[in-house]
Amino acid sequence: MQSSKLIKKFRFLPDIATADIAFEAYGKDYGELFESVGLALETTMVSLDSLKSLKTQSIKLSNKSLENLLLSFLEELVFLKDAEQMLFNQIKCEVKKSGKLYVVNCKLSGEKIDPKKHKLGVDVKAVTKHLFSLKKLSSASFVCRVVLDV
Amino acid sequence: MVIKGSAKLVHTMDARLFERLTEVEKGIWELPRTYRKKMKVPVRVVATDKLLRDMDDEAVMQAVNVSELPGIVEASFMMPDAHWGYGFPIGGVAAFDLEKGIISPGGIGFDINCGMRLLLTNLTEKEVRPRIEQIVDGLFDEIPAGVGGGGSVRLSKSEFKDVLAKGAIWAVEEGLGWQEDLRRIEEEGSIKGADPEAVSERAISRGINQLGTLGSGNHYLEVQKVETIFDEETAQEMGILGVGQVGIMIHCGSRGFGHQVGTDYLNTFEPVMEKYGIEVADRQLACAPFSSPEGKKYFSAMAAAANCAFCNRQIIAHKAREVFAHVFGRSAEELGMKLVYDVAHNIAKVEKFNLGTQSSIIPPSPSPRGPKAMATKMSRKAGKAQKLLVHRKGATRAYPDQPVIIGGSMETGSYLLVGSEIAIEKTFGSTAHGSGRTMSRTKAKHEVRGEELQKKMKKQGIYVKTASYSGLAEEAGFAYKDINEVVKAVSLADISQPVASFKPLGNIKG
Chain A
602 MQSSKLIKKF RFLPDIATAD IAFEAYGKDY GELFESVGLA LETTMVSLDS LKSLKTQSIK
662 LSNKSLENLL LSFLEELVFL KDAEQMLFNQ IKCEVKKSGK LYVVNCKLSG EKIDPKKHKL
722 GVDVKAVTKH LFSLKKLSSA SFVCRVVLDV
Chain B
124 MVIKGSAKLV HTMDARLFER LTEVEKGIWE LPRTYRKKMK VPVRVVATDK LLRDMDDEAV
184 MQAVNVSELP GIVEASFMMP DAHWGYGFPI GGVAAFDLEK GIISPGGIGF DINCGMRLLL
244 TNLTEKEVRP RIEQIVDGLF DEIPAGVGGG GSVRLSKSEF KDVLAKGAIW AVEEGLGWQE
304 DLRRIEEEGS IKGADPEAVS ERAISRGINQ LGTLGSGNHY LEVQKVETIF DEETAQEMGI
364 LGVGQVGIMI HCGSRGFGHQ VGTDYLNTFE PVMEKYGIEV ADRQLACAPF SSPEGKKYFS
424 AMAAAANCAF CNRQIIAHKA REVFAHVFGR SAEELGMKLV YDVAHNIAKV EKFNLGTQSS
484 IIPPSPSPRG PKAMATKMSR KAGKAQKLLV HRKGATRAYP DQPVIIGGSM ETGSYLLVGS
544 EIAIEKTFGS TAHGSGRTMS RTKAKHEVRG EELQKKMKKQ GIYVKTASYS GLAEEAGFAY
604 KDINEVVKAV SLADISQPVA SFKPLGNIKG
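Read top to bottom, the protein sequences are chains A and B.
Counting from 1, position 136 in the first sequence corresponds to residue 737 in this note's numbering; the numbering is continuous, with no gaps.
Counting from 1, position 141 in the second sequence corresponds to residue 264 in this note's numbering; the numbering is continuous, with no gaps.
For reference, chain B alone in the conformation it holds in the complex (with noise of 0.2 angstroms):
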């Protein structure tokens, strides 16, 4: 349901289906799999109150059309932040069985490992806000934003397919990044089991001269500085030093290359769950069983995908690092600039957990907090595990101590958080991943011009250099949900905690 406000378009969840909804445990609510005849499993919403009020009822019937999934175990989950998407809902979670169940594009998006990344400096506001149109007017120059957008990284197709299948350790080989850089991406920057070979020539052919570039949409780079602290220890262990330190959060994912593997992959599945006896509700549930030809040859393919983005982020980071080198005249490594983080949010990965209440997790790759910090995890770890394949898409992996990055709009800011063991036992270890928008763009575009947008934030303190003024008023602060809920409603299912809250400086957007 729909209601016109006066300056947005606000959603309420229909009566009826709100009725359904139970809070069964605190932070979270359950639609049960008698709502509709189909159903394999309950869904189940990450919400506050208000949230829960407010959310789309359109994606949480495509969580529904989600439980009917062959092979979903446990439930269809929704994060707080989430919205409408293709197929399954953005900020959706689905695990399935390896054997008995399904792989499926649309539960991953086709921007396949979009995701957050963020680096910290030693400098503070007081010596960045000075010179942040320097550094805004460096960062647009050297990082390629908007579309098309070609980037300075030339490569052979062989050189390619290199990336493809080594991920971010192929930008470090290259001295495109930091060595312990790569401790601290999700997967450590590679997804085993990539394949270059499983994908098209058209695909290759929409990425080999992306990468490094942002792309458009809701993708960013941001000049931050730390606003609020919540948790001293943790924000400590993460490289957090004070109020007011300046970090780089970047937003982005597989570019064109990522966009041609899930369309192929949509186009090829569609035809071939007739031969697997899939029905789906809707046509972007195409899918098919993980364990057949056509499954292992995507999850190849999005693999390889993954990797480009996890590549392209670091080369952004590795471009964020020399401009702020140039401005301070001071090497990358004497401002600190440290990376805290780089997680997917739109993704499909194998990972093992314990099944029922009891669940716990095997990490799969050392705690990017060090190894003291996996071996006391892994030493908790005494159950047998299962493999699942967990789709998350809009939704990020929040294992214990590992650190989650919550991009927030333009104008509000943005939050890290820590993951934790309820994560693990109640959400396949994910959470939330933005604040989701509840406003269209092309609405946006008529609430406000771009330039009038600019200008309003530089006189809020946030200098913004935009490859398009339309695509800049499509993501305006009021075409969001209120991160600040979004956080609420994750700290109070406990699935994360908020360790600081970040505001934006500077932002080049595509």
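Isolated chain A (complex conformation) (with noise of 0.2 angstroms):
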């Protein structure tokens, strides 16, 4: 997979959330979806270019909404960046129905936060329900709109 390829399937609103970081991600299905929104979100913490693919670790999450395990995923990768100091510039997402949860597997890979080796942007605080939507724009693809507190 290559980033380059994903960063087209998000892009930022300008005009939402004055303080903060608005953006729409998408996917042909679940799985693109949350990678979209996950490189959206890292791609406000660095530029992807800088970062390189040397650390990969696995994440599975579940949740009886698939709303909130979308915000969730994205929550993770928050705690990830503070308490490993970690970002990716690479992930690949599968979601399911298991039962009555939805479940994400993911893998990430990235590396620890150099400000010397890499172009930073900013650091996000968290992520937020203001304005959160998950919609199906058609058969073959979804749309999610997120504003990142930071």
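Honestly, the hints are just simulated from the structure, not real lab data.
A virtual CB, placed ideally from N, CA and C, is assigned to each residue, including glycine.
One should not assume that every hint holds.
[As the list claims (entries may be wrong)] Covered by chain B, according to a simulated footprint, are these stretches of chain A (three or more residues, beta-carbon under 8 angstroms):
(1) 614–622
(2) 684–692
(3) 708–721
[Stated by the list, open to error] Below, simulated DSSO-like cross-link-like pairs (lysine-lysine); rule was C-alpha separation at most 30 angstroms, straight line:
(4) B/Lys510 <-> B/Lys161
(5) B/Lys280 <-> A/Lys656
(6) A/Lys661 <-> B/Lys420
(7) A/Lys718 <-> B/Lys566
Reconstruct the complex from the two isolated chains, following the hints.
The following block contains the structure:
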């Protein structure tokens, strides 16, 4: 997976949330949608081109609601940025329904923050629920809007 | 309503909304509780005519949402620098009855106890300017800034819990500050009732390595000079010797720890509102009764995060003292690096007020200007006081005689003010906190590149080091309201008065 391909699957929204960052991300299925929102969040914090995929880690999350699963997935990425100082430029997700739960299995690749090497952006404090939406655009694509507190 | 100008977006208030606001007192405008059916109290906006006309109507609607919350007392306030925030507007103040009222993370912000700290030196611009690059480079090396930003203080989990319980006191006990600093911090740098056990393991993991770090966004450390003195006597009492004197201003908060506490409790509160019969107009206003188990637990966790922030700013100030001492070859004591004040602007606190027109306050802690000032204040407090939970989100406490620090954009400078008895009577002892954004970050980045801005600022005599050029561009002066107009507004309403203004010489930002 090339991060450059995925960069095109989200766009920042300049007229929403004056003091913060808003974006819209797209995917042809839930897995790709999660990848796009994840990369949009990482792009807020770092220029993905300046990051290498030196370390890989996996996360697995589940939730009854797909929306809450996506929010907790983003919260996990924010958590890993502070707790483990990790930023990611490659994100591969698989989202499945297991009984009543939605489950995301995710493989993340990236490296530890190094201000001397990485072109850093703005620190994300929190993933908000303000204007959050996850919609089906057509049978072949989904869109999600997120506002980040920075 | 948003009007697109040549360089920036300018908000202007919707004409129909503007017409509903009446100037009830000098510089204080009221939107009556009849504006919307569920309002329990009116909305009051502190503003000049110009700032009111430019106020973002979405932020006013957020203040209307706040006015509908259970147990709100007197009014839902907006300070002149108010703008849109999550749930509450930034620049919002609301006091709640302890029994009938609520506590809301959205009324405090994710960055719990984000605040301002001002230190002075006995150095002048003439002495500092030739060494500004050495100073700023030294500060940049010693005080990590930017995304993630791990600090140099390494603690065990139990030591970190001590920080959460004690706040700035912990740092002073560890030799990272002076005993006299504590007297000059809101609540003496330690909010009582903090419970390290009320916070999640995730919050601890996010914050344990971040003490002594600035973060990013609008956070900064600035080396400044006194530009203008407005009130000679008060300035002198606060340690300002004259124009050109150099100080250090710090703007930051509780870092990842506080952000996680906010995230955790917003998630906790959302599902419990139904149990308590609370309906809110916006998910980000999720709240719980202050007297409920959930409300009490959040208050204890928030107090722990507030203490983390007090300690963080204390450690940053200590590092700044070390850098100055190193550059000038004199101790921080010899350089007169005294703390003027440290004040929170994202917090909820239990404070006592006399309700009604004769309201006044019983100071909860000694006045920063010494026991004499406190005794004078105490002797004037004869009425029966009621404890309230005051939320200040992007708003500063402004008690009589208390220094108030209002940070401007990197380019425009900042103000030191003094609180007033009028603030106690009119705004639950609160005033503005900054200049307030008017342009989105994404837009600002399209207007200017960080590298260009850095060069432009250098030409203006401001040497900047940044961990992020895009982050620097986002903080350009044109993205903010005019700080002079904000100060004019708080002065007009007499909720605080300017003491001195400061201009930057150097700046580090994340």
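Do the hints match the structure? See the list:
1. 614–622: Result for this restraint: holds, n = 9.
2. 684–692: Since three or more residues must qualify, the claim that chain B covers the region 684–692 of chain A holds, with 3 doing so at under 8 angstroms.
3. 708–721: Holds, because 4 residues of the region 708–721 of chain A bring their Cβ atoms closer than 8 angstroms to Cβ atoms of chain B.
4. B/Lys510 <-> B/Lys161: holds, 25 angstroms
5. B/Lys280 <-> A/Lys656: holds, 26 angstroms
6. A/Lys661 <-> B/Lys420: Answer holds: A/Lys661 to B/Lys420 is near 29 angstroms, not above 30 angstroms.
7. A/Lys718 <-> B/Lys566: The given pair, whose Cα atoms are some 26 angstroms apart, holds under the 30 angstroms limit.
The structure fails none of the hints (numbered hints given earlier).
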